[in-house]
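S.K.: Letter by letter, the chains look like this.
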Amino acid sequence: MSNASNPEMRVIEVHNLARVEGEGSLHLKIQGNRVTDIRFGIFEPPRFFEAFLRGRSFEEVPDITARICGICPVAYQMSSCTAIEAAMNVKVDGPLRLLRRLLYCGEWIESHVLHMFFLHLPDFLGYESAISMAADHKDLVVGALRLKKAGNEIVRLLGGREVHPINVRVGGFHRVPDRAELDALGEELSACRTFAADAVRFLASLSYPDLEMDYDCVALRHPGEVAMLDGAIATSRGLEIPISQFPDHFEEVQVPHSTALQGRLRNGGTYLVGPLARLNLNWGLYPPAIKKLADEIKFTVPCHNQFKSLLARGFETLYALDHALELINAYEPPTEPAVEIKVREGVGHGCTEAPRGILYHRYEIGADGLVRSATIVPPTAQNQPQIEADLAAYAPRLLALPQEEMTLKCEQLIRNYDPCISCATHFLKLTVDRA
Amino acid sequence: MSAQRIRVIGVGTAGAGDDALGLEAALILRSRLPRTVDVVSDTTGGSNIAALCKGIDVLVIIDAVKPTPTFPPGAISAWPYPAMRSAIDQSLCRNTHSFSVTEGLALAEQLGVLPKRVTVFGMAGENFVPTAGLSATVRLRLNDLVEFVLQRM
Chain Y
1 MSNASNPEMR VIEVHNLARV EGEGSLHLKI QGNRVTDIRF GIFEPPRFFE AFLRGRSFEE
61 VPDITARICG ICPVAYQMSS CTAIEAAMNV KVDGPLRLLR RLLYCGEWIE SHVLHMFFLH
121 LPDFLGYESA ISMAADHKDL VVGALRLKKA GNEIVRLLGG REVHPINVRV GGFHRVPDRA
181 ELDALGEELS ACRTFAADAV RFLASLSYPD LEMDYDCVAL RHPGEVAMLD GAIATSRGLE
241 IPISQFPDHF EEVQVPHSTA LQGRLRNGGT YLVGPLARLN LNWGLYPPAI KKLADEIKFT
301 VPCHNQFKSL LARGFETLYA LDHALELINA YEPPTEPAVE IKVREGVGHG CTEAPRGILY
361 HRYEIGADGL VRSATIVPPT AQNQPQIEAD LAAYAPRLLA LPQEEMTLKC EQLIRNYDPC
421 ISCATHFLKL TVDRA
Chain P
1 MSAQRIRVIG VGTAGAGDDA LGLEAALILR SRLPRTVDVV SDTTGGSNIA ALCKGIDVLV
61 IIDAVKPTPT FPPGAISAWP YPAMRSAIDQ SLCRNTHSFS VTEGLALAEQ LGVLPKRVTV
121 FGMAGENFVP TAGLSATVRL RLNDLVEFVL QRM
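Residue numbers (the working numbering), protein chains in the order written: chain Y, 1 to 435; chain P, 1 to 153.
Don't take each hint at face value.
What the hints assert, rightly or not - Below, computed lysine-lysine pairings styled on DSS-like, alpha-carbon distance capped at 25 Å:
1. Y:138 - P:66
2. P:54 - Y:342
3. Y:409 - Y:91
4. P:116 - P:54
5. Y:342 - Y:29
What the hints assert, rightly or not - Restraint-style ranges between C-beta atoms, simulated for each label pair:
6. P:84 - Y:175: 52 to 60 Å
7. Y:89 - P:143: 30 to 38 Å
8. Y:32 - P:90: 27 to 35 Å
To be verified - Just some of the chain P residues that point at chain Y, by a computed CB distance under 7 Å:
9. 3
10. 50
11. 111
12. 114
Rather than coming from a laboratory, the hints here were simulated on the basis of the structure. For each residue, glycine too, the CB sits at the ideal point set by N, CA and C.
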């Protein structure tokens, strides 16, 4: 709307952002050709998970944290398990670690496919929703549903069910699958391979706004593989630190318009986590077949256009599918479903690559095995300031557009991040003023 | 029972109080129905519905419903889809993370895979608290829900 008393001023208000997970809003004020106020608001009630965890047994943590998100519960389980295992000085390796990677592949597939084809693609094709898009792009939607289901099936088999898995424990799993179960899964994944590659080609044919930003990309980096579960935290500006040093370099701050904390570098800078950041930092480790496809569609790395995170998700989906097949083919059941845990007092840090970016957990565990303190830093909380920075750069280019179109473009930019608002709202600062 | 190909989907979330009632009803129905009827549980909300519509003539969905003063915990209803689309949409619990049941059905409709007959059965829950089991009210009414479904299939 334009302001009657000040025709130079425009305000964009989106009270309920659509096609994002959770409840968020956008307030944008423009004076002339200058953006004077941006608020990517999160008004979903705070959820107090860190407080819930205090006093609970370390064994309960993966099941409780899985409840934070229905799309990326595996990420919460993996970050909590690796943090607690670090506190207990336990290393999960060999087939158990590979099964964890396989489980993570399932989550990358189901989460990315949901976002790419059902939440974000309608923006690029000009539809209100995936449902209205389905009538004109039937094969695409049917293929995407099948691929998503295959990802869900990995999570169901290894996690016990598709949403909020129950089969993960600190040290490994409660039960591990046998070969025959994985073989059936492998057949379905193989059947989805052609669609997954063609889908990337289709996504490459879309028209992308040319917003290039000087992102400081942050992701896990592992010397021998595309990082999912462990490694060092690396940035595109040259920082490379052990996971335990995350709090020394990153912090969370509270802002009035959000019930989620906002992540930033301790030097005050914004940063980018998620598929595009991962691709920019780890592209060298991608298999030749995927690099060949990138050449074919003329996708170059590093890429600093977050609208193309849609393509980054496509590459990651393809990687997760191929990697899942590799892991299934090479699977040797472990002798035990979990490593034995000897409870000890300690502090542990864990960080894994959730579909939306790095997910950091820190736990202090007492000698009785109870959680004394917990810190959880989800990717959407870390990306919030970068979303606002992107909007500040993008909005001035949209001033000639009608209000409705400008609003849709801003919403599309927010959806570039696949924000998971429910994940991000863990915190509310409560001040009691006692007179 | 006719020769129609029938699939029953129990929708819900285990460990979230009465949100699991669709899953529990499906468990009972699996033991009560002939093997020719496919009974499945689905914890993904509505995102698998289009895929589960394939190769059937009749689709039955069972899910928890939000209670209201006129539809209190334990109340049961059956809605044909798409005739009562808006009633289903208003009654069923929404999913902010993925497709809801009505969105899943709408997608199946758009893709042209919706079976000839679709009925959504809902029972109002009382308690949707995470980590809780079914409330006593819902547990006591579960067999009534199953009988209600069987009579209308």
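S.K.: If a hint holds in the structure, say so; if it does not, say that too.
M.R.: Quick rundown of the hints versus the structure:
{"no.": "1", "hint": "Y:138 - P:66", "in the structure": "violated, 33 Å"}
{"no.": "2", "hint": "P:54 - Y:342", "in the structure": "violated, 50 Å"}
{"no.": "3", "hint": "Y:409 - Y:91", "in the structure": "violated, 46 Å"}
{"no.": "4", "hint": "P:116 - P:54", "in the structure": "holds, 11 Å"}
{"no.": "5", "hint": "Y:342 - Y:29", "in the structure": "violated, 56 Å"}
{"no.": "6", "hint": "P:84 - Y:175: 52 to 60 Å", "in the structure": "violated, 42 Å"}
{"no.": "7", "hint": "Y:89 - P:143: 30 to 38 Å", "in the structure": "violated, 51 Å"}
{"no.": "8", "hint": "Y:32 - P:90: 27 to 35 Å", "in the structure": "violated, 44 Å"}
{"no.": "9", "hint": "3", "in the structure": "violated, 27 Å"}
{"no.": "10", "hint": "50", "in the structure": "holds, 6 Å"}
{"no.": "11", "hint": "111", "in the structure": "holds, 5 Å"}
{"no.": "12", "hint": "114", "in the structure": "violated, 12 Å"}
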